[in-house]
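Those protein sequences? They're chains A and B, same order as listed. Each residue of the first sequence is one higher than the last, beginning at 895 in the numbering used here. Each residue of the second sequence is one higher than the last, beginning at 895 in the numbering used here.
To be clear, the hints were calculated from the coordinates, so they are not data collected in a lab. Be aware that one or more of the hints could be misleading.
Identical chains blur together in the list; that is why a pair holds if it fits in one copy or across any two.
[As the list claims (entries may be wrong)] No more than 20 Å apart at the CA atoms, straight line, and that leaves these computed lysine to aspartate or glutamate pairs for EDC-like:
id : residue 1 : residue 2
1  : Lys1040   : Asp982
2  : Lys1040   : Glu1067
3  : Lys1040   : Asp1011
4  : Lys1040   : Asp925
5  : Lys1040   : Asp1070
6  : Lys1040   : Glu1013
7  : Lys1040   : Asp952
8  : Lys1040   : Asp1112
9  : Lys1040   : Asp916
10 : Lys1040   : Asp1068
11 : Lys1040   : Glu1069
12 : Lys1040   : Glu1054
13 : Lys1040   : Asp1051
14 : Lys1040   : Glu1091
15 : Lys1040   : Asp1099
16 : Lys1040   : Asp950
2 protein chains.
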Amino acid sequence: MIPLSPTDRSTVRRGVNRARTDRADLYAVLDAGLICHLGVTVDGAPRVLPTCYGRDGDTLYLHGSTGAASLREGGAGAQVSVAVTLLDGIVYGRSVFHHSVNYRSAVIHGHATPLTDAEAKLAGLRAVTDQLSPGSWTYAREPTRKELAATAVLSLDLTESSVKIRSGPPVDEDEDVEAGTTWAGVLPLHQHWSAPEPCPLLPADLATPPHVTARHRDQP
Amino acid sequence: MIPLSPTDRSTVRRGVNRARTDRADLYAVLDAGLICHLGVTVDGAPRVLPTCYGRDGDTLYLHGSTGAASLREGGAGAQVSVAVTLLDGIVYGRSVFHHSVNYRSAVIHGHATPLTDAEAKLAGLRAVTDQLSPGSWTYAREPTRKELAATAVLSLDLTESSVKIRSGPPVDEDEDVEAGTTWAGVLPLHQHWSAPEPCPLLPADLATPPHVTARHRDQP
């Protein structure tokens, strides 16, 4: 497995002890996320927008229904930055200074390529769908030619990436720990699915399919 | 209340029916979030990083312990873009094309100002702390002069902002709804605090303080 590339901008300078260099850590963060934040430069100024994504091997696919203008700006081989962040908890230190968060974070830099070939777009859209709603690609109606044409999909190589992970209790000053007067610890944060809400226009006897019920039932 | 500014880049073009123009909607999204994604331009390329933030009136404060280099780059009055996104659920359409997400999203554009005055930095840091861990500012030890000097805080005016919110069931093609053969609906997503995990170095008899227990107990 190729380690994460040590280019200048993908080298972690702050919190070096939180940096990971194993590509498996990158995959794990990306595979656990649901949305990403895409950064592009428009007229010399940064623009950040949330959007959906999916991964296939070392390629990240970005969905273009949000921020289509930004995707066009970033599209023609322009540089983009993509961040996927999972917040795992609030770290309560004994001092305000040592308050922190537990998180898993991946940041990717690269040139985004807008997909034009129908087969390539379909593959990218499938990766995005599999990330957002596993099982939907084979269950729901596939895109028509017209729908596919109306969907922008970008691909981005994962070569230049960095991963940072913080976990565990606060790291406080020795004096504050020894004083023993202030509570410190972690309040863990989780994502939780509640029961599926059927569309009001469905026939009354149409059962919720297994790929949706299982996601709700089998959550951590 | 001043409405959100209709500048070119803060005018929503995609999903116009999802755009909100009331400043109260902006405040509600920002006040409900825990982390933001900060976009800066470094050597002409975009860079996106997650960080903590807080709001006081129409000023957003950004914490600088992560991405300090990027904050320096973006710091000297440089343009930044900040996004706060809350994911509320996965929208399962009858077609892949009409799969979507329910979300609340705020994007702010502006010039970030690095705070240098100690009082201003303290006020900014308090806003960030109040956002991340309400109650900690008065409970935990306040920053020393040295700690304050080691903390970067940026301020950003909220004038140029946009808000988008999607909620409710999928919006499908009439033919797909009429066919009545494919399940569609929403799988709602929530954030959930689990029980506080005390630091292993705490005295055994030190109780978890009310601002932490209440956050766990009173969650939605």
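Cross-check of the supplied hints:
Proximity of Lys1040 to Asp982 under the C-alpha cut-off of 20 Å is found in neither arrangement, the shortest distances being 40 Å within a copy and 29 Å between copies. For a Cα distance limit of 20 Å, the shortest separation of Lys1040 from Glu1067 across copies, 13 Å, qualifies, whereas the shortest one inside one copy, 61 Å, does not. Taking identical chains as interchangeable, the C-alpha atoms of Lys1040 and Asp1011 lie at most 20 Å apart only when both belong to the same chain, with a minimum of 14 Å there against 57 Å between chains. For the identical chains of this complex, Lys1040 and Asp925 are neighbours neither inside a copy (29 Å) nor across copies (40 Å), given an alpha-carbon limit of 20 Å.
Within a single copy, Lys1040 and Asp1070 get their C-alpha atoms only as close as 63 Å, which misses the 20 Å cut-off; across copies the closest is 15 Å, which meets it. Proximity of Lys1040 to Glu1013 under the C-alpha cut-off of 20 Å is restricted to the intra-copy arrangement: shortest distance 14 Å within a copy versus 58 Å between copies. Taking the shortest alpha-carbon separations for Lys1040 and Asp952, neither the intra-copy value of 29 Å nor the inter-copy value of 43 Å comes in at or below 20 Å. Taking identical chains as interchangeable, the C-alpha atoms of Lys1040 and Asp1112 are never at most 20 Å apart, the minima being 36 Å within one chain and 48 Å between chains.
With identical chains, the CA atoms of Lys1040 and Asp916 are never at most 20 Å apart, being 41 Å at best within one copy and 35 Å at best between copies. For the homomeric pair Lys1040 and Asp1068, the shortest alpha-carbon distance between copies (16 Å) is at most 20 Å, but the shortest distance inside one copy (64 Å) is not. In this assembly of identical chains, Lys1040 and Glu1069 lie within 20 Å of each other by CA distance solely across copies; the values are 15 Å between and 66 Å within a copy. For the homomeric pair Lys1040 and Glu1054, neither the shortest alpha-carbon distance inside one copy (34 Å) nor that between copies (35 Å) is at most 20 Å.
For the homomeric pair Lys1040 and Asp1051, neither the shortest alpha-carbon distance inside one copy (27 Å) nor that between copies (42 Å) is at most 20 Å. For a Cα distance limit of 20 Å, the shortest separation of Lys1040 from Glu1091 qualifies neither inside one copy, at 29 Å, nor across copies, at 52 Å. In this assembly of identical chains, the alpha carbons of Lys1040 and Asp1099 never lie at most 20 Å apart, being 31 Å within a copy and 66 Å across copies at closest. With identical chains, the CA atoms of Lys1040 and Asp950 are never at most 20 Å apart, being 24 Å at best within one copy and 46 Å at best between copies.
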